[in-house]
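In my numbering, the protein residues as written are 20 to 332.
In short, the hints are calculated from the structure, not lab data. Any given hint could turn out to be false.
Distance ranges between label pairs, derived from CB positions [stated by the list, open to error]: (1) Glu-202 - Arg-99: 28 to 38 Å; (2) Asn-91 - Asp-66: 15 to 25 Å; (3) Ile-124 - Lys-267: 33 to 43 Å; (4) Ala-298 - Gly-63: 13 to 23 Å; (5) Glu-133 - Gly-189: 17 to 27 Å; (6) Pro-251 - Arg-99: 26 to 36 Å.
Glycine included, C-beta positions come from ideal geometry on N, C-alpha and C.
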Amino acid sequence: MPEETPAGTPEGTSTARVGGTVDVGGLALTRVGFGAMQLERLEGDRDAAVALLRRAVELGVNHVDTAQFYGNGFVNEVIRDAFGDDDGVTVVSKVGATPDPGGRIPLRLAQRPEELRAGVEDNLRSLGLDRIPVVNLRRADSGPGLRAEGDQVVGLDDQLAVMTALRDEGKIGAIGLSAVSLETVRRALPVGVVCVQNSYSLVSRQDEELLRLCVEQGIAWVPFFPLGGSFPGLPKVTDTPEVLEAAKSLDVSPAQIGLAWLLHHTPNTILIPGTADPAHLEANVAVGSLRLDAATLRSLDAVESRTGDIVLD
20 MPEETPAGTP
30 EGTSTARVGG
40 TVDVGGLALT
50 RVGFGAMQLE
60 RLEGDRDAAV
70 ALLRRAVELG
80 VNHVDTAQFY
90 GNGFVNEVIR
100 DAFGDDDGVT
110 VVSKVGATPD
120 PGGRIPLRLA
130 QRPEELRAGV
140 EDNLRSLGLD
150 RIPVVNLRRA
160 DSGPGLRAEG
170 DQVVGLDDQL
180 AVMTALRDEG
190 KIGAIGLSAV
200 SLETVRRALP
210 VGVVCVQNSY
220 SLVSRQDEEL
230 LRLCVEQGIA
240 WVPFFPLGGS
250 FPGLPKVTDT
260 PEVLEAAKSL
270 DVSPAQIGLA
280 WLLHHTPNTI
290 LIPGTADPAH
300 LEANVAVGSL
310 RLDAATLRSL
320 DAVESRTGDI
330 VLD
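Please put together the full structure from these sequences, using the hints given.
Put into structure tokens, the structure is as follows:
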């Protein structure tokens, strides 16, 4: 459950803006973190990428979501350069895929146990860490995106066995899951899952039953593609009339409304919005202090959940 912002804390402070914390495997992570994938866009300006991460910490963010396959190691190396042991920043990474720059989706799956182990080792090297606090096993149970074929169709038990071994060896601190089904999470509960990352937004809420399970089990819910529209043909939160109306009423952006709704929807939700722009970063972090009134929440809650049709050219 999230910790409340201390009474009397001014809304302008970083503590208020990040919206309290959620317990993730014994770690108190701010409800608004930083998703590092878009740092790939700054590959030609490493100093700017480091400065952006440092700015996130100044704003009160205390965790960064990453992966070795973001920028083929570049993003992890920037994180290594940006943070020291005294910064109090928790790194959350993931395994289960490798880069595929020429593909329609720029990733290919790497699901076999030996590939998962290699992914953890690669993350350790590029991050310069002896132990990664949380590592998500990125499967392909749910969309949008990749689906496993051939030798990439791997049993969950085999994957959890290697993830548990890596935890026992001290190379990872806790295990999360990503792109998974309700059944997968239920089967994985005995290993001690601390977070679940799935595609989820105001306009795509197919995982409500899974989300309820996570609330019941004290598992953090970390939605990716939190504004929808991750692929052509999929609905976008920022195109929704109810969102546009709320944004106008509160004098904030439609994106901020979509993110704030997620924080209001369940107390175990953690956001990891990404950006390569400092102003956008500040807008994302400010969502932690954005309060939606009951009427606005009723209007947003009534928005129809829809899937749309993925279009890949």
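So, against the hints stated earlier in the document, which numbers end up violated here?
none
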